[in-house]
Amino acid sequence: MAGGKMSARQKMINLMYLVFIAMLAMNMSKEVLSAFGFMNEKLSENNISTIEKNNEAYANLATKASEQTAKFGELNKQAQSIKKYSDDFYGYIADLKTKMTSDIEDKKDYESMDKTEFLDVYFFKGDGYTENGKEFLDKINNYRTNVIGVLGEDSKFTPILRDRFTTDPVVNSKTGATVEWLKARFEGFPLVASLTSLTQMQADVRNTEADIVNSLLGGKLEESLSLNNYKGIVALDKNAYFAGEKVTGKIVLGRYDATMVPDNVVLNGRDYDNIQSGQVIVDMPAGNVGSHDIKGKITFTQNGEPVEVPFESSYSVIPEPSNAVVSADKMNVVYRGLENPISVSLPGVGDNNLNVSAAGGSLSGSRGKYILKPGNGKVVTINVGAKLSSGKTVNSKATFRIKDLPAAVGLVRNQSGTVRMPKAGLGNSPITAGYEDFDFDLKVKVTGFKIKIPGQLTIIVNGDRLTAAAKQKLNRAKRGDQINIYDIKATANGVPIKKVFPVNIELTN
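Using the working numbering, you'd call the opening residue of the sequence shown number 247 and step up by one each time.
Simulated from the structure, these hints should not be mistaken for laboratory data.
Owing to the predicted nature of the structure, the values given are computational and were not obtained by experimental measurement.
By construction, the Cβ of each residue, glycine as well, lies at the ideal position given by its N, Cα and C atoms.
Any given hint could be a false lead.
[Unchecked claim] The calculated label-pair distances, taken between Cβ atoms and stated as ranges, are: (1) I527 <-> N453: 43 to 49 angstroms; (2) K429 <-> T404: 24 to 30 angstroms; (3) R408 <-> I527: 45 to 51 angstroms; (4) N453 <-> K492: 57 to 63 angstroms; (5) I479 <-> V579: 50 to 56 angstroms; (6) T404 <-> K371: 32 to 38 angstroms; (7) E377 <-> R408: 23 to 29 angstroms.
[To be verified] Think about it this way: if two alpha-carbon atoms lie no more than 27 angstroms apart in a straight line, the pair counts; the simulated DSSO-like pairs of lysine-lysine are: (8) K299 <-> K317; (9) K633 <-> K496; (10) K429 <-> K353.
The task is simple: from the sequences and hints, build the whole structure.
Structure, rendered in structure tokens:
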């Protein structure tokens, strides 16, 4: 088409070709404008969806903050600050977009949005910026700075925020020239293109919110679920075992979270409030010897609803040793006719779970403390039976020799052996008997005795005092005479004493 002399017909063809090219270019321009418009619609729809998801995330975080303030309270404050900054910036852009299309009747007539005048006038003035243009730049910079201020410079979102909301100059890839950001992005662009760019900026705001809030929430949950917060716990089926018995139980992972404080704890049927650093501190009396349960429930609030977590365990109480047990092998003795105190226990078994009986005597009492009265034989056997927590039955026995009461000693004025006293004193003093270094508390009663006065026949006395006949013969005794009281008959707690040693009296007048 270029060069050579063209005929009128050729000129006409060339002119028609140029018109065709112009029309084709015009159609392409309209398609591009429509494409920007459709992109703007899709971005707007996505923004609405993102806003809904963000609101759910904010609400979820606020709920968790009310339930577990120590863990989520500070995160919720950060999230609310970010939400405020985001809403303000998003709303500013929305107002700007409304101004841009205020004189367009059909908001979807994208092919008519090819003019550049609005933002060229609104943002730019000569080589500089209008107050509106400066405000727009300030809004972007302030949003970026404020959000980074909430998260901290070391946040992983800081570089993302600086990249998404940068206002740094742009380098032209073709010419290498540096162009100020606002001019490179908005000067001379069709209205629909600028409108789409602003909608994209709104999308960046909402996506940034979503990334940050989900990361705050998910990061805290991931942190709490980290294996560093777990500890191996040995959970035995019981806390006391006998020799030869199998130790059974399980080892589990338990998570300790100082910020997870329960709303309520019930321990063994009662409200319990000893809670420290998210842990229920067990501090209670052990109770009587035997097996005891620890059970109850811990209540938390989750998503506004109470959630109960039950717990159950058990432990055994065994007698606490206070002294070493030392037994004399030949001293397993009980005394006939007396109430012999007997203590019975079995480590790890409560006294109320013991079955105790006696062969060769009678047994009374309960809960480990008994009274044994031996029979007429030579031995008595204590039989002990119990059913252990393992289900095993234990039977044991202890055999005691039965002895009669040991010999007592005759007493006058609580003195034994040879007692010096006047005749009058002997005549008025009762004859008694007793034991030295005998552990039983006995009531000894003398029922009779014989008295021998020098030069006189032996006199038999019934009771514990000299009779008139005995006193009459006593009056014949002289100073220095030895009066012998022997064959003393006595009982201890009503039981006859087989032997009582005699007592002698040396008269002093």
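Status of the hints after comparison with the structure:
| no. | hint | in the structure |
| --- | --- | --- |
| 1 | I527 <-> N453: 43 to 49 angstroms | 46 angstroms, holds |
| 2 | K429 <-> T404: 24 to 30 angstroms | 27 angstroms, holds |
| 3 | R408 <-> I527: 45 to 51 angstroms | 48 angstroms, holds |
| 4 | N453 <-> K492: 57 to 63 angstroms | 60 angstroms, holds |
| 5 | I479 <-> V579: 50 to 56 angstroms | 52 angstroms, holds |
| 6 | T404 <-> K371: 32 to 38 angstroms | 33 angstroms, holds |
| 7 | E377 <-> R408: 23 to 29 angstroms | 25 angstroms, holds |
| 8 | K299 <-> K317 | 22 angstroms, holds |
| 9 | K633 <-> K496 | 25 angstroms, holds |
| 10 | K429 <-> K353 | 25 angstroms, holds |
Checked against the numbered hints given earlier, the structure satisfies every one of them.
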